[in-house]
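Letter by letter, the chains look like this.
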Amino acid sequence: MELRTFVGGVHPAPSKERTAGSPIQAAPLPRRVVIPLAQGGAPCDPLVNKGDAVLVGQKIGESKAFVSAPVHASISGKVVGIETCLLPTGREAPAVIIEGDGTDTWIDSTGRKLEELSPESLKALIREAGLVGMGGAMFPTHVKVSPPPGKSFDSVIINGAECEPFLTCDQRLMVEEPEKIILGLKAWLKVTGAKRGYIGIENNKPEAISALKRAAADEKDIEVVPLRTKYPQGSEKQLIKAILGREVPSGGLPVDAGALVQNVGTTYALATALETGRPLVERVVTVTGTPVKNPQNLRVRIGTLVSDLLSYCGVEGEVGKIISGGPMMGIALPTADVPVIKGTSGILLLTIEEATTLPERACIRCGRCVDACPIGLIPTFLDQFCRKEMWDLAEDYHVQDCIECGSCAYVCPSKRHLVPALRLGKAEVLARRRRK
Amino acid sequence: MEEKKAVPSFDKLIVASSPHIRAAETVDRLMWQVIIALIPAAAVSVYFFGIRSLVLMLVGVASAVLTEALVQKALKKEITIADGSAALTGLLLAFNVPANAPWWMVAVGAAFAIAVVKQTFGGLGANFVNPALAARAFMLAAWPQHMTGRFPVPLDSITAATPLAILKGTATGTLPSYLDLFIGNVGGVLGETSALALLVGGAYLIWQKVIDWRTPAGFIGTVALLTWIFGGKGGLFTGDPLYHVLAGGLILGAFFMATDYVTSPITPKGRLIFGIGCGFITVLIRLWGGYPEGVSYSILLMNLVVPFLDRWTLPRVYGVTRARA
Amino acid sequence: MNMLRTFYNGIVPENPTLRLVIGMCPVLAVTTAVVNSVWMGLAVIFVLTASNILISLLRKFIPDKIRIPCFIVVIATFTTIADLVLAAVQPDVHKILGVFVPLIVVNCIILGRAEAFASKNPVHLALADGVGMGIGFTLAIMILASIREILGNGSWFGIRFMPAGFEPATVMILPPGAFVSLGFLLGTMNLITARLAARNSRSTERVPSHAADAGLEG
Ligand code: SF4
Ligand code: SF4
Numbered sequence: 001m002e003l004r005t006f007v008g009g010v011h012p013a014p015s016k017e018r019t020a021g022s023p024i025q026a027a028p029l030p031r032r033v034v035i036p037l038a039q040g041g042a043p044c045d046p047l048v049n050k051g052d053a054v055l056v057g058q059k060i061g062e063s064k065a066f067v068s069a070p071v072h073a074s075i076s077g078k079v080v081g082i083e084t085c086l087l088p089t090g091r092e093a094p095a096v097i098i099e100g101d102g103t104d105t106w107i108d109s110t111g112r113k114l115e116e117l118s119p120e121s122l123k124a125l126i127r128e129a130g131l132v133g134m135g136g137a138m139f140p141t142h143v144k145v146s147p148p149p150g151k152s153f154d155s156v157i158i159n160g161a162e163c164e165p166f167l168t169c170d171q172r173l174m175v176e177e178p179e180k181i182i183l184g185l186k187a188w189l190k191v192t193g194a195k196r197g198y199i200g201i202e203n204n205k206p207e208a209i210s211a212l213k214r215a216a217a218d219e220k221d222i223e224v225v226p227l228r229t230k231y232p233q234g235s236e237k238q239l240i241k242a243i244l245g246r247e248v249p250s251g252g253l254p255v256d257a258g259a260l261v262q263n264v265g266t267t268y269a270l271a272t273a274l275e276t277g278r279p280l281v282e283r284v285v286t287v288t289g290t291p292v293k294n295p296q297n298l299r300v301r302i303g304t305l306v307s308d309l310l311s312y313c314g315v316e317g318e319v320g321k322i323i324s325g326g327p328m329m330g331i332a333l334p335t336a337d338v339p340v341i342k343g344t345s346g347i348l349l350l351t352i353e354e355a356t357t358l359p360e361r362a363c364i365r366c367g368r369c370v371d372a373c374p375i376g377l378i379p380t381f382l383d384q385f386c387r388k389e390m391w392d393l394a395e396d397y398h399v400q401d402c403i404e405c406g407s408c409a410y411v412c413p414s415k416r417h418l419v420p421a422l423r424l425g426k427a428e429v430l431a432r433r434r435r436k
Numbered sequence: 437m438e439e440k441k442a443v444p445s446f447d448k449l450i451v452a453s454s455p456h457i458r459a460a461e462t463v464d465r466l467m468w469q470v471i472i473a474l475i476p477a478a479a480v481s482v483y484f485f486g487i488r489s490l491v492l493m494l495v496g497v498a499s500a501v502l503t504e505a506l507v508q509k510a511l512k513k514e515i516t517i518a519d520g521s522a523a524l525t526g527l528l529l530a531f532n533v534p535a536n537a538p539w540w541m542v543a544v545g546a547a548f549a550i551a552v553v554k555q556t557f558g559g560l561g562a563n564f565v566n567p568a569l570a571a572r573a574f575m576l577a578a579w580p581q582h583m584t585g586r587f588p589v590p591l592d593s594i595t596a597a598t599p600l601a602i603l604k605g606t607a608t609g610t611l612p613s614y615l616d617l618f619i620g621n622v623g624g625v626l627g628e629t630s631a632l633a634l635l636v637g638g639a640y641l642i643w644q645k646v647i648d649w650r651t652p653a654g655f656i657g658t659v660a661l662l663t664w665i666f667g668g669k670g671g672l673f674t675g676d677p678l679y680h681v682l683a684g685g686l687i688l689g690a691f692f693m694a695t696d697y698v699t700s701p702i703t704p705k706g707r708l709i710f711g712i713g714c715g716f717i718t719v720l721i722r723l724w725g726g727y728p729e730g731v732s733y734s735i736l737l738m739n740l741v742v743p744f745l746d747r748w749t750l751p752r753v754y755g756v757t758r759a760r761a
Numbered sequence: 762m763n764m765l766r767t768f769y770n771g772i773v774p775e776n777p778t779l780r781l782v783i784g785m786c787p788v789l790a791v792t793t794a795v796v797n798s799v800w801m802g803l804a805v806i807f808v809l810t811a812s813n814i815l816i817s818l819l820r821k822f823i824p825d826k827i828r829i830p831c832f833i834v835v836i837a838t839f840t841t842i843a844d845l846v847l848a849a850v851q852p853d854v855h856k857i858l859g860v861f862v863p864l865i866v867v868n869c870i871i872l873g874r875a876e877a878f879a880s881k882n883p884v885h886l887a888l889a890d891g892v893g894m895g896i897g898f899t900l901a902i903m904i905l906a907s908i909r910e911i912l913g914n915g916s917w918f919g920i921r922f923m924p925a926g927f928e929p930a931t932v933m934i935l936p937p938g939a940f941v942s943l944g945f946l947l948g949t950m951n952l953i954t955a956r957l958a959a960r961n962s963r964s965t966e967r968v969p970s971h972a973a974d975a976g977l978e979g
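Heads up: the protein sequence lines correspond to chains A, B and C, in order. According to my numbering, the first sequence holds residues 1 to 436 in order. According to my numbering, the second sequence holds residues 437 to 761 in order. According to my numbering, the third sequence holds residues 762 to 979 in order.
Extracted from the complex, chain A is given alone in its bound form (with noise of 0.2 Å):
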């Protein structure tokens, strides 16, 4: 059968042979912990002061706004204070400092069964848990599966694609944990009232699909689809074209193609939510780069700081860059003295000789960045629109369009600095239209 994919595309080094094998460890628990109040929508209020004792799984922020989804302690111990702190997003926020007591006590909590929830009770459940997009975005999930009025979602999509180079958190997860993705996705199918629910895995990981196969091998409504290996892959958009055959329309949201795209981990800790009642508070991490002596999955609790992350795995020479997230879509930290947060899914180290890129050069319209955009953009335009603020033509070619996966710049023979341009050209043209 021909494997489904998109158009365009790039295909980077998966880099993964490192962590795909290393089964995932449980990270030490950490002394310390910083939880953003801001993890997926509006920022949380605090529910707890200096100096409150916590335990694991209690809520400590939560918001009015229904764009927003409540944080937990993440270990058990006190409440050293509230501060304004760095996040891997490269923002400051506001943020919950806890000292743990190193005794890891939970609040108590029982698990639910699936056949005994409503939808509603189920969409108060995913909310309470604190669950939002883990792939990266942290939009809140409970909104995600709340189709706006008049439109109504007909299939789900776990994206197992994990087409980021180096990150193999998703795929362990799958192999690992397969019967736990299932019934995620029977949650996911329930709360939406989907038909049909679809698992989209790269065929560069056939553990992951002969494994999900197996175990969804009794359910009727779920099909594994092998995919292309092509970044990027488990971009929304392009993961709904290749399985669905559907497009979002421009400027629109999945649910607009009848889509709902879950990613693996948020997947995951749904099934812990409703086995276990716990909220959400640690996440898989892939912690790898050439300068990490013990590349591995580890299973980290939010707020641990990636400095013990690191210390942890261990690092060899001098560090150039320390990503958080993929190596193509990730983003690149000034300290490492920044929490792990709920969209975390890897912290990749690179070398000096890596981070080191050549100079940028002038665009020889060799075309090769058009051939690999899977939107279908011309990123040379747009990138000379963007710089010379040419905002109208740069709307006219569509930039608001772009998914910023970073294909076009990655074979840019000329280095072109293009995902910059375009992020900016995306914001000025989406502001302008706002002001209209």
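In case anyone wonders, no lab produced these hints; they're calculated from the structure. It cannot be assumed that every hint is accurate.
Stated by the list, open to error - Pair by pair, the computed Cβ-Cβ distance ranges are:
| # | chain 1 | residue 1 | chain 2 | residue 2 | range |
| --- | --- | --- | --- | --- | --- |
| 1 | B | Leu615 | C | Ile920 | 50 to 60 Å |
| 2 | B | Thr608 | C | Ala848 | 46 to 56 Å |
| 3 | C | Ile920 | B | Thr584 | 25 to 35 Å |
| 4 | B | Tyr727 | A | Thr357 | 43 to 53 Å |
| 5 | C | Leu947 | B | Ile475 | 54 to 64 Å |
| 6 | B | Pro580 | C | Gly944 | 15 to 25 Å |
From the three backbone atoms N, C-alpha and C, an ideal C-beta is built for every residue, glycine too.
Starting from the structure of chain A, add chains B and C with the ligands where the hints point.
The following block gives chains B and C with the ligands in isolation, referenced to the frame of chain A:
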């Protein structure tokens, strides 16, 4: 954490935008690949036309590279002669002159290509016509006595009319055989004679994904089709497409000049149309125009419409159904 | 002083050909040989100066609404004189210049100076302007013609002086050569003015100027 190890130092962290990894391809590598692909044709040329051919090529390359360096220095720009683009222009230019051309003409032509056609418009990436071809047109207008007429014959010191001129009937002589045309044992400019060597180079470039197959395919295909239909003396469909493809500068032009990134369309569809357009104009000139050969003018003319082709052939944007303005 | 400055203005700061870039047809057409450009230049100097003087004299009498037709009548008169004189003294050159001498009537430089300068200024300044602009034009086309004749024909004023081995580039005396050389001439001129302006502004920057602070232009 239980056993606290010394935290490694992170004082050299680079903060830059994604993507953090880049493909290995560079402009320099692409340009040198094209030069490598021209080596077979250059070798055949030296074999058939002698050491004179090598001298002209070296003069072309040296003059182009030197001019690029001087202009960039004068304009206080970064000197980028290592990227190979100037060397490539110089080589292609030398490929476009006959073996008995004076060396100074090649030197001036290469300097013209770089200084006038390329650098005055902003250097690599900004010129709107192919520098080597524009310089060829310049030489043709400046010193027609050295660029037209009778060309040296391989392995011999006599001159003869080119096959295309004979075919057109503007000159007399015996037409060489297909085999001679294919291996390059015919009169012509340095780089164009050996279809075999050029095809080897062109195939290498397509295999290495340096050039898009669409341009040469559209170009050669159109020429073959149109010369088959209209090229014959005995009515429609009596032409000799093979002869038209093998003779003259078509293969050189289609694989190495029309595919110049800077002056060809940026979209795949655009490149196909570009090739077809080049083929169309070539046939117009060859069959009904004033010159026996039309490859280089056809490419120059198509260079001019590239911005329109780009605009007409924009790829469909994901999620947009309505046609773009 | 003022006359001198007006005169100089036409040669460098507002050279009609290289700075204002007006009246380009003869610039491109007659610069194939230096001799032609000299005669063309003389004809323009004559027409320009004479019409400038006359228009300046008549400026109080010419009704504003029909000033352009009046200018044209004046210019046409002098152009016809120039054309006939040239035909009489230099029939060969006259044949080569062909239609471009009568076309001086519609040359932007002359009408432009009449409109922009002569019709607003006293006679002595109009005279200085006419001569200055005329010489500016003549110098510009002579430079261009020199480049083209030397490169395209190996000669200057018709005298072949390049070594025998030099093969002239025919293209330079064809239209493309005109455009390319003109482009380079304009570019060089812009480069020089830009460098001069940069140097001037740097020298004024050192002296704090209240005019500059107030955003006034000197
Ligand atoms: S970053 Fe934007 S323009 Fe570049 S390839 Fe991705 S979608 Fe296309
Ligand atoms: S890939 Fe780079 S050099 Fe090629 S067209 Fe795009 S921006 Fe220009």
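How the hints compare with the structure:
Taking 50 to 60 Å as the suggested C-beta distance range, the pair leucine 615 of chain B and isoleucine 920 of chain C conforms, at roughly 54 Å. Checked against the hint of 46 to 56 Å, the pair threonine 608 of chain B and alanine 848 of chain C passes, with Cβ atoms roughly 48 Å apart. At about 30 Å, the CB distance of isoleucine 920 of chain C to threonine 584 of chain B agrees with the hint of 25 to 35 Å. A C-beta distance of roughly 48 Å is found between tyrosine 727 of chain B and threonine 357 of chain A, which places it inside the suggested range of 43 to 53 Å.
Taking the beta carbon of each, leucine 947 of chain C and isoleucine 475 of chain B are about 41 Å apart, not inside 54 to 64 Å as hinted. The supplied range of 15 to 25 Å is met by proline 580 of chain B and glycine 944 of chain C, whose beta-carbon atoms lie about 23 Å from each other.
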